[in-house]
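Trainee: Work out the full structure, taking the sequences as your base and the hints as a guide.
Heads up: the sequence lines are chains H and G, in that order. Residue numbers 1 to 346, in my numbering, belong to the letters of the first sequence in order. Residue numbers 1 to 346, in my numbering, belong to the letters of the second sequence in order.
Be aware that one or more of the hints could be misleading.
[To be verified] Here are some chain G residues the structure puts well away from chain H; computed CB gaps all over 10 Å:
hint, residue
1, P15
2, A28
3, D39
4, G47
5, A101
6, R125
7, S149
8, E209
9, D219
10, P221
11, G223
[Unchecked claim] Pairs of lysine to aspartate or glutamate, EDC-like flavour, derived with a Cα cap of 16 Å:
hint, chain 1, residue 1, chain 2, residue 2
12, H, K264, H, D279
13, H, K147, H, D219
14, H, K147, G, E270
15, G, K264, G, D279
16, G, K147, H, E270
17, H, K264, H, E278
It is worth saying that the hints were derived from the structure and are not from the lab. Note that beta-carbon positions come from the ideal geometry of N, C-alpha and C, so glycine has one too.
Protein chains: 2
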Amino acid sequence: MNAPTGRLTDNFVLPQPYLLFLGDTTEAGYAKTAFGLADWAPDRCIGELAIGGCTVTAGLTRLSPAEARTAGARSLVIGVANQGGVIGESWIAALVEAMEAGLDIVSGLHVRLASVPALAEAARRTGQRLIDIRTPPAGIPVGNGRKRSGKRLLTVGTDCALGKKYTALALHRALVARGIDADFRATGQTGIMIAGGGMPMDAVIADFEAGAAEMLSPDAPAGHWDVIEGQGSLFNPAYAPVSLGLLHGSQPDMFIVCHDPTRKTILGMESFALPSVEDVIDMTIRLGSRTNPAIRCGGVSLNTSSFDAEGAEALMAAERDRLGLPVADPIRGGASFDALVDNCLA
Amino acid sequence: MNAPTGRLTDNFVLPQPYLLFLGDTTEAGYAKTAFGLADWAPDRCIGELAIGGCTVTAGLTRLSPAEARTAGARSLVIGVANQGGVIGESWIAALVEAMEAGLDIVSGLHVRLASVPALAEAARRTGQRLIDIRTPPAGIPVGNGRKRSGKRLLTVGTDCALGKKYTALALHRALVARGIDADFRATGQTGIMIAGGGMPMDAVIADFEAGAAEMLSPDAPAGHWDVIEGQGSLFNPAYAPVSLGLLHGSQPDMFIVCHDPTRKTILGMESFALPSVEDVIDMTIRLGSRTNPAIRCGGVSLNTSSFDAEGAEALMAAERDRLGLPVADPIRGGASFDALVDNCLA
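Mentor: What follows is the structure in structure tokens.
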């Protein structure tokens, strides 16, 4: 019987496969985590669970907790958020039922699962774990800067929330499709659920930030690639320490700059201009070369969702000419994305 | 009656004045915190307490906890460290006696005071607080980058442990001596005890690192200076996130680079060369200008403790010529230090 721990296990692996919990959600926008999981980790998702009034679906088989457990599920993942990031009162009976059926509960919400008395009581009674993805694993060391074996690619950005996770997932998928041994290394809540483990970099104590990144991408065979999900931006006045610790500790050989050409200022900080792609390349090389002197930029991932196909193609071509680097939108894929992958491997 | 809280109060002020606890220490090297307090904060120290076998002194009146309380003391500060940073078994009776006399206990050791059962029990019984300086205050916000009023000076370094705290204290003392309204803002354990409060920057969660620095040096009158104790180095592969969050959140108008000319590699990481003073100036301006475009270097604080007076003077003169900036050793003081202060205020 497992004791409730409230955090990722020491080797930061989540119990899998998952039963995706959709709650009583009626707004698709609140179920983005569930959609991301069904999209990027279908092999880790054994079914979905909805309760009264729910009108959204991730397209998976609807299963009761007991049916999911019988089919092999090991945890229920909360795949929805509501306003405020809290646990809905209406969800509790279903979460307790899941624990009684033998499933751990996995959450990326701000509120700690164990702070809900009914869940804490059920965890004690059933021996199932309440796993908060925002709580880092125990035993993170101070960084040591030692060069590790294997290859590493990090997605960086001109800002938050413009495609660093998606780009890393798409690059990982492309490497695997080419027969290359590669792992996606997750650093945020949704990424960690998709990967089945990872490191919540924004929740680590600053002194251990680089050490946490070192722990996330350990020594690997020479031909192996870790594709590491970036966080924040070196130019973000609030989150740059997270980005710098991730850069130093990841010691990437290659980085891809993620950018949204329609964004002019830092998200939520309108007095701060967005840095240029060139500024980000320059600063990432300057700072990243401290732990990997061979660091180089593999290209640019452009979020062209505001453009039609023709406009996107013209924009990417112009950026390609201007920067002298591969430029692609991984959501559009195609030859330009293949060229970006080629350059990373060159 | 206060409830035990285990952290700095919300406005991060320690209960003062202090009774300095020297334990049963026989090695002066273990009492550096006590010596620093007696040196830099004599007005906050009402006396010292030693127990059987102690052979060191901070030069203060020896007082029992009850005598210290009567004389106005509000807390006992553990001014010594042991190997391993633990609470000595032989100390416990004295610490319990201090709580019974009405003193809170303040510690900068790694071990949490409340993890020692006898201390936790005494705190509950007496209502005195067990304050771990390494535990940040509650309610630290995410950084917002807003420009604050007043002037700020930050000490930065080519590495850890080469004089950033001492330099900040000396600069603060020099400003006050010139009649300037100034505060020393502490960011490490000893500094926080000296200042009577502060922010343990290395113990803050990375997402809140810049916000913690913003909280530490709030809006102030136009002519007021905050002299902020630096931490780590932007070039340290383990601690750079702490340094960057402190730089962004402090938004300094002025910085002083602290350097030890005899150190060639990063402390504890012999494969990493120490950056040059010029590298540190350049990187600090590049990164610091994100939140304060007017940031400039006020000069260099050189740790010349390995040189005789003549050698130190020659070295400082050579560095002054090479860099075109004031160079001084605050421990030696003198005209060169006055010139450095002049340049900060120019």
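Trainee: All the hints need checking, so say for each whether the structure fits it.
Mentor: Each hint tested on the structure:
no.: 1; hint: P15; result: holds (25 Å)
no.: 2; hint: A28; result: holds (28 Å)
no.: 3; hint: D39; result: holds (26 Å)
no.: 4; hint: G47; result: holds (34 Å)
no.: 5; hint: A101; result: holds (34 Å)
no.: 6; hint: R125; result: holds (28 Å)
no.: 7; hint: S149; result: holds (16 Å)
no.: 8; hint: E209; result: violated (4 Å)
no.: 9; hint: D219; result: holds (16 Å)
no.: 10; hint: P221; result: holds (23 Å)
no.: 11; hint: G223; result: holds (25 Å)
no.: 12; hint: H:K264 - H:D279; result: holds (14 Å)
no.: 13; hint: H:K147 - H:D219; result: holds (9 Å)
no.: 14; hint: H:K147 - G:E270; result: holds (13 Å)
no.: 15; hint: G:K264 - G:D279; result: holds (14 Å)
no.: 16; hint: G:K147 - H:E270; result: holds (13 Å)
no.: 17; hint: H:K264 - H:E278; result: holds (15 Å)
Hint violations for this structure: number 8 only, all remaining hints satisfied.
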